[in-house]
Amino acid sequence: MAEIKNEAAFRQALDGLALADQRKAGALFVRAVLPLIEDERVAGAVEVAAKGGSDEALAAAFQGARRASIDWHTRCGAEGDWKEQAAYFVARAAAACVAPPGHVKSGNPAWQAAVNARMARTSVAIDEDGTAVRENEAQYRLLGEFLKA
Amino acid sequence: MTDRAKIAINAFKEQIDGAVSAYLSSCVHCGLCAHACLFFNETGDPRYTPIHKLEPLRRVWWSEYTLFGKLALLVGLAPKVTEELLAEWQELTYNACSLCGRCSMVCPVGNDIAGMIRKQREGMVAAGYSPDGLKGASTRAVKIGSPMGVTWKAVAAQIGHVENDTGLQIPVDKDGADYLVLMSSMEIMNYPEYLEAIARIFSEAGVSWTLSSQAFEATNSGIQIGSSDIARELVSRIVAAAEKLGVKTVISPECGHAYTALRWDGPNLIGRPYKFKARHILEVLDELRAAGKLKTEGFEEERMTFHDPCQLVRRGGVLEQPRRLVKMVVKDFVDMPEAGKMNWCCGAGGGVSAIEEAGELKLTAFNAKKRQLEAVKPDKLITACANCRIQLEEGLEENNMDIPVIGLTELLAEHLVETGKAEG
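Read top to bottom, the protein sequences are chains A and B.
Take the first sequence: its letter number 11 is residue 11 in the numbering used here, and every next letter is one higher.
Take the second sequence: its letter number 202 is residue 202 in the numbering used here, and every next letter is one higher.
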């Protein structure tokens, strides 16, 4: 496998993975942003995705992570807090990793985990008035290492 | 009489025009509006009867504009509008009304009850009887440009995120573009996939579009809290940006009341017609579909249904467009009972979602939607309003109903035929 250097190669590599490996790759992306949230339900879901749990374990993890994403969202009309919003996106990323197939947009949990993890970083950048960390490049590296292992 | 009560009475008087007088004098006390209201239906609380919610406005109309009322006022027998009454009615006027307009549809004498609630809010807010959540949202909307405090800096960051993920360029402040795309703060904060979907669809359709750094926010807290002054200011910003850029059409996003504010209330608020067209995103997508510029491939395999946002369908008339669009990508589509014009509100419209203390009531109101969904048992639920979407997600979660919710624009983008001809 050649080194992943761009979005097209990243998507192609993710699409080439079996579902269980997509969950594992997604877990890697979420772990990178996990410090942005303090929520056991989310951390637990990432562990299940990484270890490859039973259908029951995945369902329970999904329920917890999805509930967390709803708990962390910003209510319409409420004052937005981008730090909390980062947590919301981490929860969404974790939920994607353990979601049943019909619940994941584009059918690829790793891709959904990746884009939500990037939005979490973007949210932090907005909150801190800084420049967003190039999370996509970190994800290319993580996926490359995962594919080599 | 106290100053606040006086302020409210004067503001109510300004709202009582010929139509309101006709409505209030022709009410036959039939109670049909009660059973059309999800807040009454789901709680059984008679205080939530829509016409009863209008008691402060009705008292002013009766005592000021009817013969018997004037006589009663002279001898001190007219029921008074007091601070206590206004304080009690704040909850009925805001927390327990999503301005969904279902009551107006069933009134046998044609009273626009929801329209009158909107007018009553003018008096309530003038006298200081409006919820803190809506006051905060309105203040942020005026001062910052977004009810949720979203700044252009945040939008720019999201643009960068979308450009990075898609390889597309998001046009900003492009003079003479055909379309000016607005967003809601909810989409910017909670559903960034909306902007990505727009970018991909418009790129493939080859349409000329832009965002405006001067006016990106479509929502209008002035409409929700009931302040025409605030509503006018917010609409004026969009009008100024659109006319400066010289766009042909301004697109309201997947947000219900933003569409009402921009399309129907806006020209009246600013006192003149627009120099551009105002359309909802679903209207534009349907036009692209009809012109052969929106091409999709594949179908969803699951059974899906569509939640009609009240402001879009009942109050806005955008009924067939979403169904034509849904059927492009969903074979097993089923409408819920009472879908379309008589659809049940999600429970969080009209500013209810911004009122923290209304949290429990809006989830009780969701039970109407729950029953509609149970009747058709969909695998997925589609909607076209970010506020409805989050309320649906919360309600489904609260009721342990495992039904994912997706925005229609986003669903279409999932099935978009992408040739890679991409041009921002």
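Please note that a few of the clues may not be correct.
Pulled a few chain A residues facing chain B out of the computed Cβ check, cut under 8 Å [said to hold, decoys possible]:
no., residue
1, His73
2, His103
3, Asn108
Think of the hints as simulated: they come from the structure by calculation, not from any bench.
Only a predicted model underlies this, so the values are computations on that prediction, with no experimental measurement involved.
From the three backbone atoms N, C-alpha and C, an ideal C-beta is built for every residue, glycine too.
Consistency of the hints with the structure:
With its C-beta approaching chain B no nearer than about 5 Å, His73(A) sits inside the 8 Å limit, and its interface hint holds. Proximity of His103(A) to chain B holds as hinted, the smallest CB-CB distance being about 5 Å (cut-off 8 Å). Proximity of Asn108(A) to chain B is violated relative to the hint, the smallest CB-CB distance being about 12 Å (cut-off 8 Å).
Comparing the model with each earlier hint shows a violation of hint 3 alone; every other hint is respected.
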